[in-house]
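In order, the protein sequence lines correspond to chains C and L. So that you can map any letter, position 179 of the first sequence is 179 in UniProt numbering, and since no number is skipped, the others follow by simple counting. So that you can map any letter, position 103 of the second sequence is 103 in UniProt numbering, and since no number is skipped, the others follow by simple counting.
I should point out that these hints are in silico values taken from the structure, not numbers from a laboratory. Idealized CB from N, CA, C, for every residue including glycine. Among the hints, erroneous ones may be present.
[Claimed, not checked] Quick look at which bits of chain C chain L covers, simulated, 3 or more residues with Cβ under 8 Å:
no., stretch
1, 112 to 125
2, 185 to 197
[What the hints assert, rightly or not] DMTMM-like, lysine to aspartate or glutamate: derived pairs with alpha carbons at most 20 Å apart:
no., chain 1, residue 1, chain 2, residue 2
3, C, Lys181, L, Glu231
4, C, Lys181, L, Asp274
5, C, Lys181, L, Glu259
6, C, Lys101, C, Asp139
7, C, Lys229, C, Asp44
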Amino acid sequence: MLSTAGCGLSLPEAGYGLEAPVQHHRFSPYTFNGGTVLAIAGEDFCIVASDTRLSEGYSIHSRDSPKCYKLTERTVIGCTGFHGDCLTLTKIIEARLKMYKHSNNKTMTTGAIAAMLSTILYSRRFFPYYVYNIIGGLDEEGKGAVYSFDPVGSYERDNFKAGGSASAMLQPLLDNQIGFKNMQNVEHVPLTLEKALQLVKDVFISAAERDVYTGDALKICIVTKDGIKEQTIQLRKD
Amino acid sequence: MALASVLRAELAEFSPNFPKNFPKNFPKNFPEDFPDDSEGIPEILRDPPGPPRVLAAPPWGFEAEPEGPGLQILHGTTTLAFKTPHGVTVAVDSRATAGSYIASQSVRKVLPIGGRMLGTMAGGAADCAFWQRLVARQCRVQELRNKEPVSVAAASKLLANLVYQYKGLGLSLGTMLCGWDKRGPGLYYVDSEGQRVAGAAFAVGSGSSYAYGVLDRGLAAAARSEEAACELARRAIAQAAHRDAYSGGCVRVMHVGPEGWREVSHHDIAELQDKYLEA
Numbered sequence: 001m002l003s004t005a006g007c008g009l010s011l012p013e014a015g016y017g018l019e020a021p022v023q024h025h026r027f028s029p030y031t032f033n034g035g036t037v038l039a040i041a042g043e044d045f046c047i048v049a050s051d052t053r054l055s056e057g058y059s060i061h062s063r064d065s066p067k068c069y070k071l072t073e074r075t076v077i078g079c080t081g082f083h084g085d086c087l088t089l090t091k092i093i094e095a096r097l098k099m100y101k102h103s104n105n106k107t108m109t110t111g112a113i114a115a116m117l118s119t120i121l122y123s124r125r126f127f128p129y130y131v132y133n134i135i136g137g138l139d140e141e142g143k144g145a146v147y148s149f150d151p152v153g154s155y156e157r158d159n160f161k162a163g164g165s166a167s168a169m170l171q172p173l174l175d176n177q178i179g180f181k182n183m184q185n186v187e188h189v190p191l192t193l194e195k196a197l198q199l200v201k202d203v204f205i206s207a208a209e210r211d212v213y214t215g216d217a218l219k220i221c222i223v224t225k226d227g228i229k230e231q232t233i234q235l236r237k238d
Numbered sequence: 001m002a003l004a005s006v007l008r009a010e011l012a013e014f015s016p017n018f019p020k021n022f023p024k025n026f027p028k029n030f031p032e033d034f035p036d037d038s039e040g041i042p043e044i045l046r047d048p049p050g051p052p053r054v055l056a057a058p059p060w061g062f063e064a065e066p067e068g069p070g071l072q073i074l075h076g077t078t079t080l081a082f083k084t085p086h087g088v089t090v091a092v093d094s095r096a097t098a099g100s101y102i103a104s105q106s107v108r109k110v111l112p113i114g115g116r117m118l119g120t121m122a123g124g125a126a127d128c129a130f131w132q133r134l135v136a137r138q139c140r141v142q143e144l145r146n147k148e149p150v151s152v153a154a155a156s157k158l159l160a161n162l163v164y165q166y167k168g169l170g171l172s173l174g175t176m177l178c179g180w181d182k183r184g185p186g187l188y189y190v191d192s193e194g195q196r197v198a199g200a201a202f203a204v205g206s207g208s209s210y211a212y213g214v215l216d217r218g219l220a221a222a223a224r225s226e227e228a229a230c231e232l233a234r235r236a237i238a239q240a241a242h243r244d245a246y247s248g249g250c251v252r253v254m255h256v257g258p259e260g261w262r263e264v265s266h267h268d269i270a271e272l273q274d275k276y277l278e279a
């Protein structure tokens, strides 16, 4: 790649192997702040939930730092990863939403926001935003839509997705309970709002048990055609 | 430059006097007239002096993928395509992995480029999706200008030249462009190393060796009919999914013929394996 700036230290090249290994401490522009986000799309609703713990290493910076950001009346985004990039990215998205509103005299639809976010993320292909995004909202027909992203902009529409530090724990549970994967002779009932909410609370309680970066409180944003409602539920604070 | 001009709206975030108040210690070959809004010259004819590394990489130099507790980008896996007298048969799996985590089992790895061409995805998911979307846009513009559908050779050359500018910077792209143009079925393999090869059959991705094993054995027989070709493609992907940990999900088989492309079938690999392992 381009000039990777050397640290100025030289390795013991043809040494006698008696020196201790030299520690190279490069500055890293990234850090990992933890957090988990989950989004579930229903027939006429969408739920985006996140925990509110902000950590770094062994410390907790804040117990009240939710990761869901409201974008429009119909769309919520959840961002986890590096908090600095999350903040900048949401600022950029909000600015672009305003620009679109001023040029086109309409609010961006959920699908359009997803496509735009993909190009915003890809514009930083060689110095990525260290953010795992999940967009949840209603599409133009009023059905729930969830779009999940990778840090450089690859995206896909799903019915449900978990992202962040406990995603590998939550996703299999959701695959089983909502996607009915690996279950036989089970009736595929469509998901109701009440059942989805209960499931979200249960999975986050489980995640808080087993993931150090998840806990403190759970913030749930429920997107329906009547707007966005919020709920906060307490989780383990240890 | 291609990247910058597409993302012009993003550049609006910088101040209006962008070129003038830019720091003085930037590379000397940085273009004077950037960003350029003139629509007179077609984008693909404007020779860019180099990729806009300055936009993306910090001045102290940085690896494409830093060591973090996991900045993992999605990678794709086994895809194949081969020509038959009826057209081009394309088959892909649908697993996307981020490190060893399976991020998704339902990724669409076939990207339409207009109504008559398909591009496959292997390597970095975002890279493939982004550059093929860009190529699809340029193909459409070219079709409107020339009043003729763009040929597979031309589209593949557009893609190859675009990604060649970023050679060495860490793009990961292994794609096959499949289509039907005035010369008949067309199949090109293009990758981020700069390769662009025409051929009769390709398998790309981590599971490609396993797919070749099944594919090469049945190619002669597959030329007989479209169903035989699709069945061969399906078996090859199922075999690759069986042996390669990074391939799986479902098999999607598509066909590109003189009338355009269409999806032939879509099967979950778990069901296929029950069927094939017995036989």
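These are the hints, each one checked on the structure:
no. : hint                   : in the structure
1   : 112 to 125             : holds (count 8)
2   : 185 to 197             : violated (count 0)
3   : C:Lys181 with L:Glu231 : violated, 26 Å
4   : C:Lys181 with L:Asp274 : holds, 17 Å
5   : C:Lys181 with L:Glu259 : violated, 37 Å
6   : C:Lys101 with C:Asp139 : holds, 17 Å
7   : C:Lys229 with C:Asp44  : holds, 14 Å
When held up to the earlier numbered hints, the structure conflicts with 2, 3 and 5 and fits the remainder.
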